[in-house]
Structure formats: structure tokens, C-alpha cells
Amino acid sequence: SQQGEEDPQALSIQEGENATMNCSYKTSINNLQWYRQNSGRGLVHLILIRSNEREKHSGRLRVTLDTSKKSSSLLITASRAADTASYFCATEPSGSEKLVFGKGTKLTVNP
Amino acid sequence: NAGVMQNPRHLVRRRGQEARLRCSPMKGHSHVYWYRQLPEEGLKFMVYLQKENIIDESGMPKERFSAEFPKEGPSILRIQQVVRGDSAAYFCASSGRDRDTDTQYFGPGTRLTVL
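First to last, the sequence lines map onto chains A and B. For the first sequence, my numbering assigns the number 1 to the initial residue and increments by one for each residue that follows. For the second sequence, my numbering assigns the number 1 to the initial residue and increments by one for each residue that follows.
Okay, chain A solo, but in the shape it has when bound (with noise of 0.2 Å):
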């Protein structure tokens, strides 16, 4: 079953203002990771956090986590047309090693 749920599913905003995507989850976890694709190619790491951080930065790119309410949120500030893209969550799930996805946020940047 999917653990990762991303929401919104699409989201459309113009260049400059900020994106945010939220991720939301259901077991206990080791970390939580999170991707980009562009349409047809493969994935982008962009930022990982451990389940006892709270927030990371990275560049434009700010994340946070809540293991209370087993929820995650990524900040894009600044946004570009070339972050238009898909954003996925992945969860690595506590005594596992693989990643579990949610479905993704579709980020459209408008110029």
C-alpha cells in the first residue's frame, strides 16, 4: 500500500512566488526523502531528512518534518519555469531499506 501521500496532487504558480508540497505517511520511519522528476526521465534526490531533524535546508529548497503527525512539507522558494516538475516523498520505513512513494505533486512553473 502507498505509505507516502503527497498533496496537492497538481499544483500551478508563477515564476518567483513559492511552492509548497505536503507529504504524509503512516508508519514509523527512518528518514524521509524527497525527489524530482521531469516528465520521462528519471529521479532527482534533492534533499534527505532523518526521523530525529526537523528541518533541512538545501539552496532554495527547505524541508520540514513532524514524526508527531507523521507529515512532511517542501518548500521551494524563489521558483523557476525550470522547476517545473514532478515531486515525490519517499519514506524508508523503520527496520527497512526500501523506499516507499506517494504519487507525487506535478509542480507547473509559469513564466
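Rather than coming from a laboratory, the hints here were simulated on the basis of the structure. Some clues are possibly wrong.
In silico DSSO-like pairs for lysine-lysine, Cα to Cα no more than 30 Å straight-line [claimed, not checked]: (1) A:Lys26 <-> B:Lys62; (2) B:Lys62 <-> A:Lys103; (3) B:Lys44 <-> B:Lys71.
If you're wondering where the values come from, they're calculated on a predicted model, not measured in any experiment.
Take the given structure of chain A and dock chain B to it, following the hints.
Here is chain B on its own, set in the frame of chain A:
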């Protein structure tokens, strides 16, 4: 530093034929994972291997699918007697867990089309 490599990138098979998908992990990585992605869906875990060992195959269909990661050479995902429902993108990922790095890095995928 080459990333995860997969070949072929595109594979067309007729129903009943065999499909072999290859994955070479990043240099220094000995943990390989295979995932399948259907159109407009997220990735679904299939199998996790280390050199010469299958660690977790809980996502593998019981029949027609097999995977290996020999001591030498790439990891192979093999699908026998393919059916139309096997059409999907198959992604391989690798990690360097033995170096305390649990990020999984993905290859470009193999897009399998079954006619």
C-alpha cells in the same frame, strides 16, 4: 564520477518474450534496489539486493520476475514471458549503506513496452 547506469533505456518486446534490464550502481555502492513506475504513478519497490544476495524481494511478483546481482557485473532484472501489463518504467537505485550513506541514487530508467 558516473552515476547509476541502466541499459537499455528503451526496450520493446512482444508478448511471451523475455526482457532483461541491466543496472550498474554508482562506484563504491554495493546496495541495489529495483522499482517499477506505471504512468502517472509513484514508484513501487520490487527488490533489494547486495552482491550475490537478495535481501528483500517483498515487492516482486511471484512468477516470471527474477533479479540477481552477481559478484562481477551489473544487476539484472529478468522478466520472462512478458505480458502487456509489464509495460512500465523500471528504475534502479543504489546506495552506499556500508559507508553509512542511506541516500538512494536513481538511474535514468528502462522503459519497457510490451506489444
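So, going through the hints one by one against the coordinates:
1. Of the supplied pair hints, the one linking Lys26 of chain A and Lys62 of chain B holds, its CA atoms being roughly 26 Å apart against a limit of 30 Å.
2. Only pairs whose Cα atoms come within 30 Å are accepted, and Lys62 of chain B paired with Lys103 of chain A is accepted, the gap being roughly 24 Å.
3. For a cut-off of 30 Å, the pair hint linking Lys44 of chain B to Lys71 of chain B stands: about 26 Å separates their Cα positions.
Hint violations for this structure: none, all hints satisfied.
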